[in-house]
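There are 2 protein chains.
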Amino acid sequence: MSMQNRQTVSLDKIHITDEFWSRYLDLVQYEMLPYQWKAINDEIPEAPPSHSIENFRIAAHEKEGAYYGALFQDTDVYKWLEGVSYILAQRCDSFLEQQADKVVELIAQAQCDDGYLDTYVILHPEYERWSNLMEGHELYCAGHLIEAAVAYYCATGKHMILTVATRFADLICQTFGDGDGQIHGYPGHPEIELALVKLADVTGNGAYLRQAKYFLDRRGSGKNWFLAEEERPGFHHQFPEFADYDPRYSQSHLPVREQKTAEGHAVRAVYLYCGMVDVAERTQDETLLRAAGTIWDNIVGRRMYLTGSIGSSGVLERFTCDYDLPNERNYSESCASIGLLQLGIRLARLYKDASYIDVAELALYNTVLAGVALDGKSFFYVNPLEVVPETCMSHTSMAHVKPVRQKWFGVACCPPNIARTIASLGLFVYSLEDATVFLNFFVSNTADLPDGTHIEVKTDYPRENTIEVMMSEIKEIRTLAIRVPHFARNYRVILGSQEIPYAKTLHRGYCHIALDGVQTVSIRITFEAPPVFVRANSRVAADAGKVAIKRGPQVYCAEETDNGKPLSAVYVDTSHRPEEQRAENGVVTVHFSGYRRTGNSTALYSTDDSFIMEKTEFVAVPYYCWGNRTPGEMAVWLKELIRLPDEGKK
Amino acid sequence: MSMQNRQTVSLDKIHITDEFWSRYLDLVQYEMLPYQWKAINDEIPEAPPSHSIENFRIAAHEKEGAYYGALFQDTDVYKWLEGVSYILAQRCDSFLEQQADKVVELIAQAQCDDGYLDTYVILHPEYERWSNLMEGHELYCAGHLIEAAVAYYCATGKHMILTVATRFADLICQTFGDGDGQIHGYPGHPEIELALVKLADVTGNGAYLRQAKYFLDRRGSGKNWFLAEEERPGFHHQFPEFADYDPRYSQSHLPVREQKTAEGHAVRAVYLYCGMVDVAERTQDETLLRAAGTIWDNIVGRRMYLTGSIGSSGVLERFTCDYDLPNERNYSESCASIGLLQLGIRLARLYKDASYIDVAELALYNTVLAGVALDGKSFFYVNPLEVVPETCMSHTSMAHVKPVRQKWFGVACCPPNIARTIASLGLFVYSLEDATVFLNFFVSNTADLPDGTHIEVKTDYPRENTIEVMMSEIKEIRTLAIRVPHFARNYRVILGSQEIPYAKTLHRGYCHIALDGVQTVSIRITFEAPPVFVRANSRVAADAGKVAIKRGPQVYCAEETDNGKPLSAVYVDTSHRPEEQRAENGVVTVHFSGYRRTGNSTALYSTDDSFIMEKTEFVAVPYYCWGNRTPGEMAVWLKELIRLPDEGKK
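Chains W and V supply the protein sequences, listed in that same order.
Its first residue numbered 14, the first sequence is counted upward by one per residue in our numbering.
Its first residue numbered 14, the second sequence is counted upward by one per residue in our numbering.
Source of the hints: derived by calculation from the structure; they are not laboratory data.
Glycine residues also receive a C-beta, built at the ideal position from the N, C-alpha and C atoms.
Keep in mind that a hint or two might mislead.
Calculated lysine-lysine pairs in the BS3-like style (CA-CA distance at most 30 Å, straight line) [unchecked claim]:
(1) W:Lys-628 <-> V:Lys-628
(2) V:Lys-273 <-> W:Lys-578
(3) V:Lys-628 <-> W:Lys-273
Listed below are several chain W residues computed to face chain V (Cβ distance under 10 Å; list not exhaustive) [as the list claims (entries may be wrong)]:
(4) Glu-403
(5) Thr-629
(6) Val-632
(7) Arg-656
Derived coverage of chain V by chain W (criterion: at least 3 residues anywhere in the stretch with Cβ under 8 Å from a Cβ of chain W; other residues may be distant) [what the hints assert, rightly or not]:
(8) 407-418
(9) 619-629
Please build the complete structure, drawing on both the sequences and the hints.
In structure tokens, the structure reads:
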């Protein structure tokens, strides 16, 4: 392993020209961010109140009033600002920039003289700063402030918000540490670790990196900070569900370097692991990196849904145990998949291993995109793999599952998180190391590499599996490493007009193409990724006897609107190959054969053993676009018709 | 429908001689009640503290101290006393009687001068009586006090506890009503309705019946009482989960006569419905009875588990919607099945229809009995139909499910409820109306009917399906109506030594045998009830493609200890008949053929389509005795191997 500072193409040097993704970028710029702007300004009558801008106004003494909203309502503003930043880095948008500048001024106005900034705490004078790291979100909010500040500064060159962030970060560095009078604690919700590393990178101030490392080193070592907080006189829980606190919830049950499994609240978990990788990378901390890698393997090998989502328990939105992957009552939060995507990108870059991108891509093309409606106007927080709408009842154990996307949430972490993730897509496409450029995501774009090399990618992936790469004015780049997805069949590399045998250059999922001595090169990659049936490990009880359909990185699902209901009556005949078909709207659907089982009895239970197996053709659509038509049942995993060896194909 | 006061054989007139049930009665008398006595006295070190007797001591000024425990901790004492009463009605037990007499004195000491009695409220002077009917359990506790008092008085003839109960009931009658200065409310947790009817029956005081009717008439009519409570200044929730209160939770969403579906907390629901039937029966209120019957049909036809359990949602322990019957995360509380049993017995008696007994029997022989270990020492609260032990993790949505029975619960409603139910078995066996005696449950016993007729039943049901009934000294009884279970095949009635054609006398599940002019009669019933495969309605997604095994009233399940794991890999071959076998310990096991599917891939997800279907013989045990050996997986519903018409039997 070699550890270098991260390098990628900055957003002002890449232009996304992709049909699929440009539409999403447009949605972010013209629909989601303006809508979210209205939402955080409480200008959408039918949405639950946000009050996030209002809280800042009150904290900034612009207005009178009381705080309203979740503890971490500030982050809605910060994530909006971060999303705006990524758009502004790529595109001009004077409306968004004007609003953002105003927001920045407002945030600066709300900041305390000593640099502290959290409107919940500022507007609750009886609440002592940092007194409840278990449940409080001050450090979490600080992290999102810092991420937004770094993004806005990088996009616009304007210093004001960066100054706000560094002033707060300086206060945090002063406040938390092993020194006398310092707090020896760490955040209940990780996020600041990865943010402080970004701040160290952009400011060159190593203190922020050291502070991030401090939080990681302290976490879960010695007496658990949160259990100690609970014992303090006067401590009372903000959230009743935190009584009988389980340190696993916040990944503080063990020192982070000793953790081997993904535990607790899934978003907290992946944000923490990202911070671990970031600090490990910059401090050459192999133990820390290895721990993150071990946990990753646990997630990907035992605790992740086929759709790249995580968090099997609706209660506490958390990981449970190996192979426990219920499809209808899981949490699988959009934000957790965003964190998983981020973690995969980091590990891929560090290990120069494309298998991490395969997982990141799974999260992006399935769960992250499923989180937003095709029109950008409504959102999923929770991403089940199976829905029977009438069972998603309030005041039951299924209350967290929504069968249709919601306009805006009271706790609105997901919509702005999805927006900032899509807006920052350009940052994921490439990674750079020495004289190698890695092409991770197959997205049409033109980009200028730091050495001046111009690169252009044209593709209609994942609908088609041809990727054309044109490089010109090649200067210092010596190698182009193109990802070979694990699902690619018959992967071919055509250099100019000649196919090249690339097998020998295949290393950790990248095909390495030497560019020595050329100034211009044209490469065409083709592979096949037809729809295939996927089965889960037999230890996954929820998927036993079932199959799913996957085509390239996209998982498919059956919807009631195409296939009737109940979907639990569908048996897939896997002896017939599934066939793809491009619909008029450009979506690739998959058609497969099977049977619909119909019982004869209307009784609840019956010994009647007669039933009909009606041969039927079914249709599956990509998971990311489920729930965009008439609401109804949805299922990723469907029963497989089993034929015994003497009776059928097996 | 004719409505008469209920009539059954009182416990002092029936002697249970049944091998299966005598063992349970012994367990109740010698194991459960003495154990529970220790538990409520905090004499079991490894069990969570109960403090229930202690609360009474403090309220009675025998001791200093503070209240501890759930709001309704008093009912543990009352249910224990009720269970003891049923034992004392049948058997001498001077130890239990002495303890019970002491408890009665203690309860009387704790009662306030005006008759009020609830140690939680007495020991929380700041808590205003009846101020929170939504969450408070004062009327619920009063109901259990009354039930215990009636039972103890009937068993021993001692008046003291009945006086306590009537004094409290008088206060309640005074307090609740439509008059000026009265509270126009009704209990958040029904129970007092059925208890007041019992008190009316035993005291002959119609005021108690009118009070029960008042609570039913008020419930859900006009402005919801609980929502109104919430709006009162100073109201605060005792339970955070009751914020955003759903009136369905307490069946107060509609006037009870307009309710058509079973809603909300399952125990509350069935206790309410029992009260409705009781009041309907005694007030000739057809509308009220019809409502209870409609709700019953909804439960039995759409919302009940095969095991006679109810409550699909772990959150709020409640009914959800039609056909929503998840097997692994349900609540299916033992207490709810006790209520369902009670409801079935009431409806069977009123309608003289044995189909209600079929359901009551299902609840009794499966869920109620599964609630207690074979040694009587540990208990289930929640009764899943499928368990993968490692997924039943604390701090997750599966935290309510326990893969092994627990010693005693902090909220200990179920163990004493099971004890009192088993102890009162004798009350369910017969029902009487005019000159007809109905034999409902096939339990060996000898009994003296009110007219002096002696009756004796000998059977080894449900292990064997022969029932011998000997009647002698027949006086006024003219008809013996013996239940014909819906699952009985080849039901035969042999009178003396001659088989009689009984088809014409079959009415609503009872075969009516005329006893005109005889003094002595000997009847032998035989039928067959071999193990059969049962399928659920195709609208039950959780059971789609699966079968269960039932033998007579008993549902079977597969356990890991017999069949290995994962049980999700088992496919039942329903073309082979399941076979029963009597094990050495007397338990009838069922053996069936099938296949175990084993995948080849160790990956979490794979496109490898090879797998092995290994022909295997499996064993199922009665559901009531699951979890009495090595802990492991358990499943009632198993996958069915489907053969297509051209490939196999169908």
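Hint check:
1. Restraint check for Lys-628 of chain W and Lys-628 of chain V: satisfied, since their Cα atoms lie roughly 27 Å apart, inside the 30 Å limit.
2. Note on Lys-273 of chain V and Lys-578 of chain W: the hinted pairing holds, with a Cα-Cα distance of about 25 Å set against a maximum of 30 Å.
3. Among the hinted pairs, Lys-628 of chain V with Lys-273 of chain W is inconsistent with the structure: their alpha-carbon atoms are about 38 Å apart, more than 30 Å.
4. Among the interface hints, the one on Glu-403 of chain W holds; its C-beta lies about 5 Å from the nearest C-beta in chain V, closer than the 10 Å criterion.
5. With a cut of 10 Å, the hint placing Thr-629 of chain W at the interface with chain V is violated, because the nearest CB-to-CB distance is about 13 Å.
6. Residue-level restraint check for Val-632 of chain W is violated (minimum Cβ-Cβ distance to chain V is 20 Å; threshold 10 Å).
7. Given the 10 Å rule on beta carbons, the hint for Arg-656 of chain W holds: about 7 Å separates it from the nearest Cβ of chain V.
8. Under a criterion of three residues with beta carbons nearer than 8 Å to beta carbons of chain W, the stated coverage of the segment 407-418 of chain V is upheld, 6 such residues being counted.
9. With a cut-off of 8 Å between beta carbons, the segment 619-629 of chain V has 7 residues touching chain W; three or more are needed, and the interface restraint holds.
Consistency with the previously given hints fails for numbers 3, 5, 6, ordered from lowest to highest.
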